[in-house]
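Listed in order, the protein sequences are those of chains A and B. Take the first sequence: its position 195, counting from 1, is numbered 195 in the numbering used here, and each next residue is one higher. Take the second sequence: its position 117, counting from 1, is numbered 117 in the numbering used here, and each next residue is one higher.
All clues stand as given, with none of them false.
Label-pair ranges, simulated between beta-carbon atoms:
id : chain 1 : residue 1 : chain 2 : residue 2 : range
1  : B       : Trp13     : A       : Asp42     : 26 to 36 angstroms
2  : A       : Asp239    : B       : Glu304    : 58 to 68 angstroms
3  : A       : Ser63     : B       : Ser131    : 17 to 27 angstroms
Only pairs whose alpha carbons sit at most 20 angstroms apart, straight line, appear in this in silico SDA-like list of lysine to any residue:
id : chain 1 : residue 1 : chain 2 : residue 2
4  : A       : Lys148    : B       : Ser37
5  : A       : Lys98     : B       : Pro133
6  : B       : Lys9      : A       : His210
7  : A       : Lys148    : B       : Glu41
8  : A       : Lys9      : B       : Arg306
9  : A       : Lys148    : B       : Asp42
10 : B       : Lys148    : B       : Gly261
11 : A       : Lys148    : B       : Pro26
12 : B       : Lys148    : A       : Asp42
13 : A       : Lys148    : B       : Gly28
14 : B       : Lys148    : A       : Ser37
15 : B       : Lys148    : A       : Ala39
16 : B       : Lys61     : A       : Ser131
17 : B       : Lys9      : A       : Pro305
18 : A       : Lys9      : B       : Pro305
19 : B       : Lys148    : A       : Pro29
20 : B       : Lys98     : B       : Gly54
21 : B       : Lys148    : A       : Gly30
22 : B       : Lys148    : A       : Pro23
23 : A       : Lys98     : B       : Gly54
24 : B       : Lys301    : B       : Glu220
25 : A       : Lys9      : B       : Glu304
26 : B       : Lys148    : B       : Gln190
27 : B       : Lys148    : A       : Pro26
28 : A       : Lys61     : B       : Ser131
29 : A       : Lys9      : B       : Glu213
30 : B       : Lys9      : A       : Glu304
31 : A       : Lys266    : A       : Leu277
32 : B       : Lys148    : A       : Glu41
33 : A       : Lys9      : B       : Glu214
34 : A       : Lys148    : B       : Pro23
35 : A       : Lys271    : A       : Arg187
For the record, the hints were derived by calculation from the structure and aren't laboratory data. Owing to the predicted nature of the structure, the values given are computational and were not obtained by experimental measurement. Positions of the beta carbon are idealized from the N, C-alpha and C atoms, including for glycine.
Letter by letter, the chains look like this.
2 protein chains.
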Amino acid sequence: MSKAKGEWKLINWIRARTRVGHPRVPLGPGDDMAILSLAREDRCLLTVDALVDGTHFDLAKASPRKVGYKALAVSLSDAAAMAALPVAAVAWVALPAKRTMAFAKQISRGLADAAERFDCPIVGGDIVSGSGPLSVGTALVARAAGVKPVRRSGARPGDALFVTGTLGGSLLGRHLCFTPRVREARRLAQTIRLHAMIDLSDGLSTDLAHLCEESGVAAEVEARAVPISRDARQLARKDGRPALEHALNDGEDFELLFAVGPRDAKRLLTKNPLARLRLTRIGRVTRGRKVTLVGADGHRKVLEPRGWEHFR
Amino acid sequence: MSKAKGEWKLINWIRARTRVGHPRVPLGPGDDMAILSLAREDRCLLTVDALVDGTHFDLAKASPRKVGYKALAVSLSDAAAMAALPVAAVAWVALPAKRTMAFAKQISRGLADAAERFDCPIVGGDIVSGSGPLSVGTALVARAAGVKPVRRSGARPGDALFVTGTLGGSLLGRHLCFTPRVREARRLAQTIRLHAMIDLSDGLSTDLAHLCEESGVAAEVEARAVPISRDARQLARKDGRPALEHALNDGEDFELLFAVGPRDAKRLLTKNPLARLRLTRIGRVTRGRKVTLVGADGHRKVLEPRGWEHFR
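Bound-form chain A, shown alone (with noise of 0.2 angstroms):
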């Protein structure tokens, strides 16, 4: 597409910076398309996300090196959610016209963090400058490398319901520097049979209300399971909510929420095979459709979904 001069400035200085070489890219950034080795594979996995500054990060208090990364760290949550392994991706930056090089280049690095630290390369990209904020997004290709893709759909009445780490108050700053679970979600579909799984972005309420909607099947979440983060006991100081609504609603945790069998429930009750990483089980699936919240006395309610976006 037809580009300003800067921004071939800044394209040529990215491309520079481009590894080359990885085994996967048989043809890196610099042609009309890259080319990508799936190594033996017939098939691909696609997804593609974009992040708008006031809405997904607010560059008021985020550095654009830690927006470049959660821009390609949000698809690499999507592969981790089908329990694929990320092969590459293509970023796009739309910068707003009064913003530097030093910053456009900052992106770039956030970008690269996130690639190398995931081995995802960046393979090409498009950078457009506008009058509106600044928006970044990546689009990511991986492949199933052995492990069957993990829908959404595949949840049975009778399976647990787990989620990895500690959830809420991500807005304190882990929004922009989570880690994806991609090597978490490949350990476990290696260990166990996932039968349905998902990442938590838009907040466990509306995340499992996805989970069940997909597998057509309803939950129950024991509010006594639900791992609290610190964080979300530190805004629930601040604001005088409780911290488990901040657990349940505030999203954008980037945490594995899946389905298992009785027998793997078991197993990963007693062995936790992510080692370093909580594992919690905070519920189960049963018939019907709605989910409910199971208090600490056994008063039950409906979980409404109420996943929020951050920054309106």
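Could you slot chain B onto chain A? The hints should help.
Relative to the frame of chain A, chain B by itself:
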């Protein structure tokens, strides 16, 4: 990623209309990633493009449906430039907050127009709202399908340079409804040996410079031979600039520029395999680094890359 209610409503509308059961799409929209079948190939090609209102289109003149069409068509044109066969695409839209659902649906319809016309289903996407101008983009996966991807870097001294169609003046409207030369590129690649190819997005002067740079060669263009479009002549009458300049520099023609050996050049001149689409020999590849324009009177001058952005 976290979404507002209106965005979910729109996503559900799009999902309900998304073609399912496409043989190349074992899993379409609605999960964390889509799954694509590559028909026994273990490589794929990947590209991404982003369009912004005020730079790549002007909503004062372009309908949202045409903008949607263009967003996918530019990525399809990248596939054409590699002589690759599109498999599927993902799209994202950054919607200005004040725009209506009907507006967003028109963009989606435009994307679907291009998807259907080129059998390239849209298998996922992201919709975000923001304070900025409309921005639409796509990432596209393609496959080689029996044709070695044609790079920009294979032109050799002695090659003939050809372009498809006619050039210049796309701003009069063609830049919104052009035909990505996917079929034509495949046809050419199956008929002759394409040494190098690029699609004309930035304008002949700039894109030929890219091709020469990547191939490490120079080129001569015969001014007399450049196929000038009616639009270029019309613009020339309006603004008093020579029509040839429009043809050389306007950009967004999305025609193909390619280099072939002398024998294949003769074959193309004897019988145009594209039947209804004009095919013009515009010059030749030489040793060196610069692109020279040879006037009708034999006068030679350096052809500077002057492709520019339409709406600035």
